Each structure stands twice: as structure tokens, then as C-alpha cells.
Amino acid sequence: MKRIVLAVFVLATTASAQQIYDLVIKGGQVIDPAQHREGRFDIAVIGKRIARIASGIPAAQARVAVNADGYYVTPGLIDINTHVDIRAGGNNVYPDYNALRSGVTTVVDAGSSGAKDFDAFKSGVVDRAKTRVLAFLSIEPDGEAAAATLAKYPNIIVGFKAPDTGEGLELLKHAVETAQAAHTILMVDSPAGQDLMEPLRPGDICTRLYRRWGKTSTPESARESITAARQRGVLFDVGAGVNGLWFASAAPAIQEGLLPDSISTGMEKDSMLLPGTNMAAIMSKFLNLGMTFDQIVERTTANAARAIRRPELGTLKEGSTADIALFEIRHGKFGFLDSGYTRLDANQRIECVLTIRSGAVVWDTNGLTATDWIQAGPYSNFK
Amino acid sequence: MLGSIPIKSLAIVFAAAGVLSAQQYDLLLRGGHVIDTANGVDAVMDVAVSGNRVMAVKAGIAPGAAHKVVDVPGLYVAPGLVDLHMHVFGYAGAISPDDTALAAGTTTIVDAGGSGWRTFDEFHRTVITHSKTRVLALLNIVGAGMVGEPAESNTADMDSQKTAQTVLRNLDIIVGIKTAHFGLPGWTAIDRAVEAGRLANVPVMVDDKIFTDTGRTTREELLDHLRPGDIHTHMYNDRQVELVDRFSGKVQPYMWEARKRGVLFDLGHGSGSFLWPVATKAMAQGFVPDTISTDLHQSSILEQESDMPNCMSKMMLLGMSLHDVVMRSTVMPAKEISRYPELGTLGNGHMADIAVLELQSGVFAFKDAWGAKRLGNKRLECVLTVRDGKIVYDRDGRSFPAWKNKQANEVTK
Numbered sequence: 001m002k003r004i005v006l007a008v009f010v011l012a013t014t015a016s017a018q019q020i021y022d023l024v025i026k027g028g029q030v031i032d033p034a035q036h037r038e039g040r041f042d043i044a045v046i047g048k049r050i051a052r053i054a055s056g057i058p059a060a061q062a063r064v065a066v067n068a069d070g071y072y073v074t075p076g077l078i079d080i081n082t083h084v085d086i087r088a089g090g091n092n093v094y095p096d097y098n099a100l101r102s103g104v105t106t107v108v109d110a111g112s113s114g115a116k117d118f119d120a121f122k123s124g125v126v127d128r129a130k131t132r133v134l135a136f137l138s139i140e141p142d143g144e145a146a147a148a149t150l151a152k153y154p155n156i157i158v159g160f161k162a163p164d165t166g167e168g169l170e171l172l173k174h175a176v177e178t179a180q181a182a183h184t185i186l187m188v189d190s191p192a193g194q195d196l197m198e199p200l201r202p203g204d205i206c207t208r209l210y211r212r213w214g215k216t217s218t219p220e221s222a223r224e225s226i227t228a229a230r231q232r233g234v235l236f237d238v239g240a241g242v243n244g245l246w247f248a249s250a251a252p253a254i255q256e257g258l259l260p261d262s263i264s265t266g267m268e269k270d271s272m273l274l275p276g277t278n279m280a281a282i283m284s285k286f287l288n289l290g291m292t293f294d295q296i297v298e299r300t301t302a303n304a305a306r307a308i309r310r311p312e313l314g315t316l317k318e319g320s321t322a323d324i325a326l327f328e329i330r331h332g333k334f335g336f337l338d339s340g341y342t343r344l345d346a347n348q349r350i351e352c353v354l355t356i357r358s359g360a361v362v363w364d365t366n367g368l369t370a371t372d373w374i375q376a377g378p379y380s381n382f383k
Numbered sequence: 001m002l003g004s005i006p007i008k009s010l011a012i013v014f015a016a017a018g019v020l021s022a023q024q025y026d027l028l029l030r031g032g033h034v035i036d037t038a039n040g041v042d043a044v045m046d047v048a049v050s051g052n053r054v055m056a057v058k059a060g061i062a063p064g065a066a067h068k069v070v071d072v073p074g075l076y077v078a079p080g081l082v083d084l085h086m087h088v089f090g091y092a093g094a095i096s097p098d099d100t101a102l103a104a105g106t107t108t109i110v111d112a113g114g115s116g117w118r119t120f121d122e123f124h125r126t127v128i129t130h131s132k133t134r135v136l137a138l139l140n141i142v143g144a145g146m147v148g149e150p151a152e153s154n155t156a157d158m159d160s161q162k163t164a165q166t167v168l169r170n171l172d173i174i175v176g177i178k179t180a181h182f183g184l185p186g187w188t189a190i191d192r193a194v195e196a197g198r199l200a201n202v203p204v205m206v207d208d209k210i211f212t213d214t215g216r217t218t219r220e221e222l223l224d225h226l227r228p229g230d231i232h233t234h235m236y237n238d239r240q241v242e243l244v245d246r247f248s249g250k251v252q253p254y255m256w257e258a259r260k261r262g263v264l265f266d267l268g269h270g271s272g273s274f275l276w277p278v279a280t281k282a283m284a285q286g287f288v289p290d291t292i293s294t295d296l297h298q299s300s301i302l303e304q305e306s307d308m309p310n311c312m313s314k315m316m317l318l319g320m321s322l323h324d325v326v327m328r329s330t331v332m333p334a335k336e337i338s339r340y341p342e343l344g345t346l347g348n349g350h351m352a353d354i355a356v357l358e359l360q361s362g363v364f365a366f367k368d369a370w371g372a373k374r375l376g377n378k379r380l381e382c383v384l385t386v387r388d389g390k391i392v393y394d395r396d397g398r399s400f401p402a403w404k405n406k407q408a409n410e411v412t413k
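Those protein sequence lines, which keep their order, are chains A and B.
Using my numbering, the first residue of the first sequence is number 1, and each one after it goes up by one.
Using my numbering, the first residue of the second sequence is number 1, and each one after it goes up by one.
If you're looking for bench data, these hints aren't it; they were derived computationally from the structure.
All values derive from a computational prediction rather than experimental measurement.
Backbone N, C-alpha and C define an ideal beta-carbon position, used for all residues, glycine too.
Among the hints, erroneous ones may be present.
[To be verified] EDC-like cross-link-like pairs, simulated, lysine to aspartate or glutamate; straight-line CA separation at most 20 Å:
{"no.": "1", "chain 1": "B", "residue 1": "Lys132", "chain 2": "A", "residue 2": "Glu351"}
{"no.": "2", "chain 1": "A", "residue 1": "Lys116", "chain 2": "A", "residue 2": "Asp142"}
{"no.": "3", "chain 1": "B", "residue 1": "Lys378", "chain 2": "A", "residue 2": "Asp142"}
[Claimed, not checked] A short, non-exhaustive set of chain A residues, derived as facing chain B with CB atoms under 7 Å:
{"no.": "4", "residue": "Tyr97"}
{"no.": "5", "residue": "Tyr153"}
{"no.": "6", "residue": "Pro154"}
{"no.": "7", "residue": "Leu273"}
{"no.": "8", "residue": "Met291"}
{"no.": "9", "residue": "Phe293"}
{"no.": "10", "residue": "Thr342"}
{"no.": "11", "residue": "Arg343"}
{"no.": "12", "residue": "Leu344"}
{"no.": "13", "residue": "Asp345"}
{"no.": "14", "residue": "Trp363"}
{"no.": "15", "residue": "Asn366"}
{"no.": "16", "residue": "Gly367"}
{"no.": "17", "residue": "Ala370"}
{"no.": "18", "residue": "Asp372"}
{"no.": "19", "residue": "Trp373"}
Chain B extracted, bound-state conformation (with noise of 0.2 Å):
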């Protein structure tokens, strides 16, 4: 009688009675220690998740409660990692997020400012909606996106309202505005990107590559122009912001003003923005980045190979705790762009994107912006990643089963 009743069912009566322990996991990840800056959590705990939820972060979870066990003693478990700045579209160096994003542990990554109001759906057309890599964005106050000049410099496509209306239209992706690479005088891009944020009531993130005759001065756009909860992106790139004053050494005051009225500071890494004597200072400082980006395009990816793990353990080798590294790579870009506690914590209820990260000792050469090396005794280095529930990237392939040699000369069915 008891046979012919489907397991299913069975399950469900098991389960209704209460009875059920068994398996009332997806995955459980074992024996890591977690990072959770968001909850406190930095011990060596079980991570279980169901769909794509995490349910419990304890002590002690029993194998037997999940469907898959993986067991990641000796391994970091935070959660996924979200990159507030990445070039995914629009930019002529721009990659697919899968290409790079997944395997760094990075579950969310932000494109900075690819697409204006005209093509952001040509955007989420052709990459959003392709990627495994959850993608938001930050929409270009520039109406064709960063397509390189004379398009970024065209006033005339800088529109506060349409570009507000598009970001209206999009919440579920759109999580702010960018101006980048304004080359002329005044202070127009800036304006009304910072208008189209007021709008829309989401922040904007600024690339002021100030140009020698612009006449524009960090010092107005951090003070005068920009509102708490803008970011600044870039921080470490010298030629742009002189964070560091060349004959005294010291990061210039205006710049602790700045955040002192809640100026955000990203990292933003890539190809041009990261050099070892400024970081250097400014870290011997106190004076961290907010978050941690890379600006990941063609070439960083290639030449610095600046992803987020990379971009990590720089900030590790100077100085930087393990636990605030996360936490500038998890809740506080999450934070920023109002997708907290969806993302960047493993707290119970939200979202499972995990990273599962090695902490490893050697000597590892860690290149800045201008192709300089400084040599490092630790890595961290990604070996697996949860997305949405689901595991995306394997480097040891641990959570699957062994393959045995004597299944060699079976005939596979």
C-alpha cells in the first residue's frame, strides 16, 4: 500500500506532520568561515540554503538536512561580492560580465554609465538579459552612453529628465546615474547628472577626468556639487583628484571635508586609477575607499587583471583587515545603491550569492595602473560561487561527485 504512494506526497504528509527533518536544505555549504560584516558573523559556520535563499548561518548544521553537502574547511563564505563599477556595455573596452565576473566570486556587478537614456534598452536587450551575472546599472547623463567623444562632451544630450524618467522606468535594474570624461569647462555633466539623481532620488557617481583647461577643481565638485550619498569614484588616480598633496604628503583636507558630509569614495580601479605611491599614502592615512570596484574593461582585466578578488588583496597588502575588505566588497556597495539587505549579507530570508574564497600564502605580484609590481605574501583567490541559489563556478569542482576510473569501460547509458 505504502508503495504506491508517489515519494512526493509522502514527503509532504512527512513534512505537514512535522516529522521531516531530513533534507529541508538545497545546499549546505560546510565548515567555512563566514564573513557576514552585515550580522557580525566571523566564525567558522554551516551556510544552508533553499531555492535561492539562504536559510540558516549556525554552528552545526546536519549533513543530512540538504540535498548537496560541500564541504569548504580551511575557505572563506561570504557573501557575493557586488562591483560598483564594471564596463559591460556601450564603452569600446567593455566585456562580458560573464567572461570575468562569476569566477571572482562578483554575483552583482554595476555597469558605470555604458548606457544613456537612448540605449539603455538596447542594453538590457543584448546584456542584461543574457548574463548569468546579475547586472545593474548606472545610466550615462550622456543620452548615447560612453561612446568617447565628441558624444560625452555633447551638452546638448545631457538630460536631467529623460534621463530621470528612464531610471523611473527601470528600478529593478537602474540603481543610479554616472558622469564620466566630460572634457570641457563648466560644470554642466556634473549638474545635471547630480540633477537627474535629485529626480530620481538615486545617487550619481562622478569620473571627473579633469582636464587641465576645464577649470574645474576637485575640491568644488566634492564640496559645492556633489550631495551625500554621490560617489567619487577613481580615489587613488592622482592625475584626476590630487587626493594626496605632492609636496606634503598628506590627503588634502578638502577631500576629509568631503567625506566628513557623506561624499562617497570608490576604489574603481582599473587601467588607470590604482598607483602604489598614492594608495600607499593615503592608506597609511586612514583614508580607505568606501568600496571596492575595479572598472573592469579589456585591457585592466588583462594587464592588472584588477577583478575583484585582485583589487582585494591589494587593499589586504595595505593594510586592510580581512573583515573590512569584505565588507567594502559586500554591504556597503549594496548599501549605496539601496540593495541592502537583498544583497551583501547572508543574512536568513535573503538572497543566496555566495562567495567562497582562499586565503592563499606565497609571493604574488600585484600590478598597478602604470604596470608597476609590489609583491605580496597573500591571495585571495575565488574557488566557488553560489548564484541565486545555484552554484555557478566550481574551480575544484568539490560539489560534484568523484569520477571513478572503473566506469571507464561501462557503456554509458
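Bound conformation, chain A alone (with noise of 0.2 Å):
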């Protein structure tokens, strides 16, 4: 009996001797925009890094190895224009349902809290959640106090955000001086015309990029005022949620090659059911909209990164956190919903199906982790 016990134990460890990774994901398409990486190659993980990026790593060496050939490989995508404060109430959603299960492993909240109340927020949602919560902080009521409390996160804190400004020059203004004092970012909602945009400084964000354009400026002259501020390093951000996403207002921009920087979701609970704001939802609108499947993966992980200045995210970079996810393009009849609440007859939908945040595996809907129940046992006592 002892025998067979020791036999056992030598078997076991000469196993975990070889099992090097805690994760292999073997045999997709990885796309790591950030590096210029595409193409079939296998990802390792050790702990909550990414340990290496090769082709052929043996899945004997993995503790758990994922079999992704047919899917897409991708870094864990970063949306930078959220609400998740729940303390807050109101339209804010707590980020990990909402997030994980689109390949979202960070989520940047848009100024749903302020210096007055960041603490809680910290530890209410930043601190539980199992989503990295970053921020960018409210300028309200007054821009020393956002500064200070700026200065005391500068890990969680991405930039400023400013208050809808409207139509209100001297508004917008004073936020951009405001970021600028404190040496950040800021973002803001897409302003209407070329002159509001004056203010704003190379690497500050507007968010709702295709909103309801034509209210006061025509879709042509809204293209002509948002390509002079590209052109000066202003960057342009989707923020869909309820108001943020018109076809009437993506489609022909789209058609002539004015992309946004990022894609965001503007996740909130208002536009979650409709017109559905999860990021695979978003990002699906934008392939059938005419964007090719790189491209939205670009404005979902390096480009976000870049946008927030955290170029050690969005990437599968062999020593960066393990945040990675599985995408699959699915083909069919779909539809999807813009804020006009009209319908995109479609025929391509993604789907995350594998979500690894810091190296543990948080969303798996295809079970490509889970071992199969016959396999599995022993069930507690259960025989």
C-alpha cells in the first residue's frame, strides 16, 4: 500500500515538474495591436503575468491548457468612458458582469465621482472589484480639490473630467484649465462646433464621437470640425451609451475613413438592455458598420491605453499582466440597435467566450477551462 502510495507522489510531482505555466492558450489568431503582433501563436501564463509569447509551447507544460484554435486572441480590452458608481445610484452599474463577459479587463469610470467622494468610491467599487477601475475625476465643485485628490491616486485617476459643458465656451475653458494646472487629461462630451473645441489640448478626449450630429451643425461640417482637432492631437472616443451612438452619424464617417480613436460603451444601466451597451455589442455595430475586426481591436486595447497613458495595459506583451481575452466572430441574422432606436440588419455578432484577468479566468462560456463532470470527481463525498 505504501508502495503504491510513493509511486503515486513520484508520478504527480515528475507531472507538475514539466507543468511549468498555470495557462497555456494554445493555437488562436492573436491580435496585439500594441506590439504589431498578429497571427497563430500560443500565450503562457505564470501567475499574473504573461510569461511568454511563442508558437508550439507544448500543452504538456501547462497546468491548464486552452485549446483556441477558431478563436481570436486579444489583450484585455480597456473601455475608457464608463459609469460604474453604484454608491452613486442612479444610471451607474457595477462593472464586472457588465464588463468581464465582453473581454473588458479594465473600465475607466467617466466622472460619475469627485474629490469629495472619491474615497468611497475607491473602496465601495475600485478595491472589490474584480475588473480594474480606473477613473477619470470629476472636476466638480472645484479644481484644487480634484488636483489634491489627483495627487493621492495617481494609480486609479486618468485624467479630469468635465461637467456637460453644452454649448458654453467659458465652461470648457475653465475645465481645460483646470486639467491643465494639474498637469492631466481631460475628457469631455464631443462639443457641437469647430470653436468649442479651441480650448481643447493635444491628447484631451471627446467622448460621444457620433452623437446626434446636425442639430446645429450639419454631419459634414461636424466631420470637417472634429478632423481640424485631429489634426492637432485631440482624440475622438465612441462613449455610445443611450445617446452617444447614431448610424446616421457613424456610417458615412465611417464610409470615408473618420474612425474613432477608441470605442468605449459608455456603459450605463439606461442603454444597457436597450440599446444594449455591452462592449461586444458595441463592437459588433462597428464591424457591420464597415470596420474590419483589427481595427476595433486597436481602439479597444492600444489606443485606449494610449489615450489614458497606461501603455502597460491593452498588450500581451511577455511580462505585463495576464489580462487577455477570446473573441469569436460569429455569422448569421443579427441586429443591432443604434440610439435612434433603429435596427442594423447584420450578419456578423462578437462574442467573448474566454475572459483571463491577472492570470485567473473569470468569464468561460464555452468551458474551454472547465474539466468535463465525469472527469471531474471526487464530489465532496459524493460517489
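If you follow the hints, you should be able to join the two separate chains into one complex; please do so.
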């Protein structure tokens, strides 16, 4: 009896000695725009880090091996416009379920909290969530307090969010000055005309790019002013939400090559169900409007990371945090809604099948990392 | 002359004259396979809604009779699902009801003991009034609610009188009592919950985590302490109930006996209470859940994805018919909490809560509490949800007009 136990022990240690990786994702089509890498590669993870990317990493070296054949493998996505401060109630949503099932491993809250309540936001959401939560801090009520809070939490706060400036040039100027004084970037809802974009600096982010153009300007003039601001280095983000994605604005712009710099959801309670603002749905909308999957991945990983100045995120570079997503593109008959509640008839849908956050499996809808129940025993004492 | 009469009054004139058959309904779901087990309906029919009420379920309703017509051929049309066991308040892993329920076809959820008599008002103010989902509640016998230890074993805070009084003051929302996670020996928590249930004349749901040192047995709980109509949840969690005898593989005789005396059995899937071997053996012997419920919270929605359609698909994988699955997710839970026929049926005049479900074919992975997967070839997915007569979820946008690219260059007004 003892001898048998010993033999089993030896076998087990031999096996584990070969298993140098916690996880290997094998044979997927890797897209990592930050590294200009695209092709079939295997990705090996040890602990919370990406240990190696190469061809032909043996499955036997992994504690868990995933067959990713037929899937796209991307860095965990970054959603730079969300509303996740559930303490604030109202329209906010908790990030985990809404983000992770779409392959989003980093969300950036867009101004739901300000200096007054940031500590509570941090303990209530940032510290609790499985999703990495960063924030654009609201500059309300005053810039000095915002700057002090930024100085206290430089690892969480990536910039400031201007209050809805509407048509007010002075308000916008003040917001830019506040951000300038704190040496940080500013996110604003896309102002209507060219003169209103004048105060924005290179690196500032206009979100809700494809909102309903034409109230105060024609789509043509809107596109002109956006192009002019972009030439100065102002960035344009989607921030779909309830009002931020109209096909009538997006379709002709995309046809003309006016693509967003980053794609974000504007995730909030009011838009989650209708018109539908989880990241996989938003990405599907852009895929069916004519953007390529590569372009979409670039705008939800490398570009988004660059916009919030976190180049260490949004990449599968060896040594970086193991935030990874697997996607499939389904073909069939689908429909997607815009902010005007009209339906885009579509033939492709992007779905996230696996999400890894800091090396841990947090979403696995096809059970790629799960053991079949027949082999899974023993179940407690159950026989 | 006619042109000066407002259209509305014209309609009233015609309606009064009985000649206006046009657009008598607000919404028509056309050509789906309706499963309304309470009324014995299991066939392709149309469902007409006006306001927040179901007005007609029959074949061949003229599309002209409704303002909005949504074609649902090839899909199943069921009453809005009723999830008897969810966590949306109090509990550390509580989740917002609207995050998961409506997209799953679940129009009514019952919070299973997140609040107690001390915290119910806060629950009502912060969650219930802000939810698009209909939120009902089982009130925890613990006054502080489901807030972990030591509160959940604090017998001094288990007041049957005050709990019953809170139930009686809030009968529009509170449908029963919950006792859970009681870690001490003895029957205090369970007996006080049952006493509160008796005082308020409502059922009790019991999640009795039998710790090895409590001295309680499931047999005594089910045969001596619970009343007919009380609900034993987490039925397929073997750690807790020893549903299936581990040596003989048979469902324990006292389980059948309990069922015979009217104790009800609830799935309560969660992330700890659905194990493939247990459920497989019990289902094979015909020991099925009276009600299918999720016990949904932050971790189970991500790990097991065990929303209502997922739990229903698992039951089908174990041999339950679609008809029975729908029955145990609609009319059965509605009856257990005395909300039938207002909820759980598509009967004329009742609440227009409707789930449109797609039965997909393919290869799907279904995970149990231990993360073990079982592959199946059918899966239910919700494609459209109507709550109170309003379309609140529409996966494919089928109820909305198509966007035409030619609109692209028009200046919108």
C-alpha cells in the first residue's frame, strides 16, 4: 500500500515539474496591435503575468491548456467611458458582469465621482471589483480638490472629466485650465462646433463622437471640425451610452475614413438593455458598419491604453499583466440598435468566450478551461 | 368639416359605434409557440397586449389590430419568468436585479432574505423603487438581514413578531420569510422563521447549511419543523441535505415523505448548490424541483452563468420537458408566493410580463457549482422581454424599425 502511494507521488511530482505554466492558450489567432503582432501564437501565463508568447508551446507544460483554435486572442479590452460608481446610484452599474463577459478587463469611470466622494468610490467599487477600475475624476465642485485627489491616487485617476459643457465655451475653457493646472488630460462630451473645440489640447479626449450630428451643424461641418481638432492631436472616443451612437452619424463617417481613436461603451443602466451597450455589442455594431476586427481591437486595446496614458495595459507583451480575451465572430442573421432605436440588420456578431484577468479565469462561457463532469471527481463525499 | 375633428375623438366615436376594429391592441407578438401551462396552451398562437395587460391569446389575430406588431416565428413565448431565489440586497455578493434579470426573460425576482425587518425600508428605498425588474422579497428572520456572521447566528435578533408585522405592512412586496446560514446548534432560527410565517400567513424558505456540529438533521427539518407550503431551497446541494444516499444512490425516503406532506423543493442553483452527479441521480429517479430558481449573485453569474434560461437548459439536459421547465419557472413559483394568476400566466386580463425564448441547437457547456462542465446540445436564450406591457429587452432589435443607410446623409431634425 505504501509503495503504491509512493509511486503515485513520484508520478505526480514528475508531471508537475513539467507543468511550468499555469495556463497556456494554444493555437488562437493573436492580435496585439501594441506589439504589431498578428498570427497564430501560443500564450503562456505564470501567476498574474504573461510569461511567453511563441509558437508550439507544449500543452504538457501547462496546468491548464486551452485550445483556442478558431478564436481570436486579444489583450483584455479597455473601456475608457463607463459609469460604474454604484454608490452614486441612479444610472451607474457594477462593472464585473457587464465588463468581463465582453472581454473588458479595465474600465474607466467617466466622472461619476469627484474629490468629495472618491474615497468611498475607491472602497466601494475600485477595491472590490474583479475588473480593473480606473477613473476620470469629475472636476466638480472645485479644481484644487480635484488636483489634490489626483495627487493622492495617481494609479487610479487617469484624468479629469468635464461636466456637460453644453454650448458653453467659458465652461470648457475653465475645465481645460483646471486639467492643465493639475498636469492631466481632460475628457469632454464632444462639443458641437469647431470654435468650441479650440480650447482642447492635444491628448484631451472628446467622447460621444457619433452623437446625433445635425442639430446645430450638418454632418459635413461636424466632420470637418472633428478632422481639424484631430489634426491638432485631440482624441475622439465613442462612448456610446444612450445618446452617443447614431448610425446616421457613424456610417458615413466610417465610409469616409473618419474612425474613432478609441471605442468605449458609455456603459450605464439606462442603455445596457436597450439599445444595448455591452462592449461585444458595440464592437459588433462597428464591425457591421464596415470597420475590420483588427481596427476594432486596436481601438479597444492599444489606442485606449495610449489615450489614458497606461501603455502597460492593452498588450500581450511578455511580462505584462495577464489580461487576455478570446473572441469569436459568429455569422448569421443579427440586429443591432442605435441611439435612435433603429435596427442595423447585420450578418456578424462578436462574442467573448473567455476572459482572463490577472491570470485568473473570470469568464468561460464555452467551458474551455473547465473539466468535464465525468472526470471531475471526487465530488465531496459523493459517489 | 371632418378635417377639424381631432383624430382622437374620431377614434372614440368609431370605437363607441363598435366599428373600429383597427389597432385595438398596443402590441402583438405574432406567430410564436406559446407555452402557458396554467391555461393548457402549448401551440403556435398570437399574443395581444394592451396597456400592461394580456388581452388575447389565440391564432390568427390580424396584424392591423395592433399599433406594434413583432413577429416571433420559431420562438417560444412564455409568461415572464419568476425567479424565486435571487440576491439583490444585503448579501455581500448581491447584484443589481436589472443587470441580469430582464435580459434573461425574468420579469419578477424574489430577493431571498437580503433584508430583515430592520433593513427592509432601506432595501425598498435603495433597490426596489429603482428597479425595472419587479422585485419581491422574502424577509430574513434575522432583523439585520443576510449580512454574514455573527449577525446571522444572533438569535437575539430573530424576532418572529416584528418580522411578521413588517411582512403584514408590506404585503405588496414581501411574499414570505427566509432563514439561512444559521451556524448554531438547535432550531431557533428555523422555528422562529416558521412562527413568523404562521403569524403573517406566508411561506418560509429555508437554506439550512447543516454544519457538522449543529445537531440538526434535514429529516427533522423537513418532517417536523416545516409546514406544507414551506420551501426547501438548494435541493441539489449534497453537502447540505444528503438528498441522495451516498451508498445506495437512492433519493432518501424522508425526502419523498416531505414532498408528500407538502414541503416544496426549490433549485436555488447558486455557486454552491447544483452538482451534476446529485442532480443527475435525483432527476433520474423523478425527484425534480417544484421551482427552478437561480440564487443568482456576483460570482454565480460569472462562473456558472446560472440565470433562469441557464438553469432551465440544465433541467432540460437532465430530461425535463420544455413544458415542465416553463411551468416550474412561471406558474409554480407564482403560486408558491400567492401571486398567481396575476403573475406566471398569459391568461386574459393578467399582467403582460412575457419572455420570448429561443431554443438553440449546437454544443453548449453547462457548468455546475464545482465548475465542472457538461456538454449539451440545446440551450434556451431569451431574445425579447416584455414587462408591464413594455418591451424592455430586444436582443436583435426585431421590434424596432430597420435603419436605412440612405438616411445617412440627411440632416436629422
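> Hey, does the A:Thr342 contact hint survive, CB to chain B under 7 Å?
Replying inline: holds (4 Å)
> Regarding the pair A:Lys116 and A:Asp142, is the alpha-carbon distance no greater than 20 Å?
Replying inline: holds (10 Å)
> Is the interface hint for A:Leu273 satisfied, with its Cβ closer than 7 Å to some Cβ of chain B?
Replying inline: holds (5 Å)
>> So, as I understand it, the hint says A:Phe293 touches chain B; can you test that by seeing if any CB pair is closer than 7 Å?
In response: Since the shortest Cβ distance to chain B is 21 Å, the answer is violated.
>> Less than 7 Å between beta-carbons is the criterion; does A:Pro154 satisfy it with respect to chain B?
In response: The hint is violated - A:Pro154 has no Cβ within 7 Å of chain B, the shortest such distance being about 29 Å.
>> Let's test the interface hint: is any C-beta of chain B closer than 7 Å to that of A:Tyr97?
In response: Holds - the Cβ of A:Tyr97 comes within 7 Å of chain B, reaching about 5 Å at its closest.
>> For the restraint on A:Trp373, tell me whether the closest CB of chain B is nearer than 7 Å.
In response: With a closest approach of 4 Å, the A:Trp373 hint holds.
>> Hint validation: A:Leu344 versus chain B, beta carbon distance must be below 7 Å. Holds or violated?
In response: Since the shortest Cβ distance to chain B is 5 Å, the answer is holds.
> Hey, does the A:Trp363 contact hint survive, CB to chain B under 7 Å?
Replying inline: Interface hint status for A:Trp363: holds (6 Å vs cutoff 7 Å).
> Hint check: is the beta carbon of A:Arg343 less than 7 Å from a beta carbon of chain B?
Replying inline: holds (4 Å)
> Does A:Asp345 pass the interface check with chain B, least Cβ-Cβ distance below 7 Å?
Replying inline: At about 6 Å, which falls below the 7 Å cut-off, the nearest Cβ of chain B leaves the hint on A:Asp345 intact, so it holds.
> Given A:Asp372 was flagged as interface, is its beta-carbon under 7 Å from a beta-carbon of chain B?
Replying inline: holds (6 Å)
The earlier numbered hints that this structure contradicts are 1, 3, 5, 6, 8 and 9.
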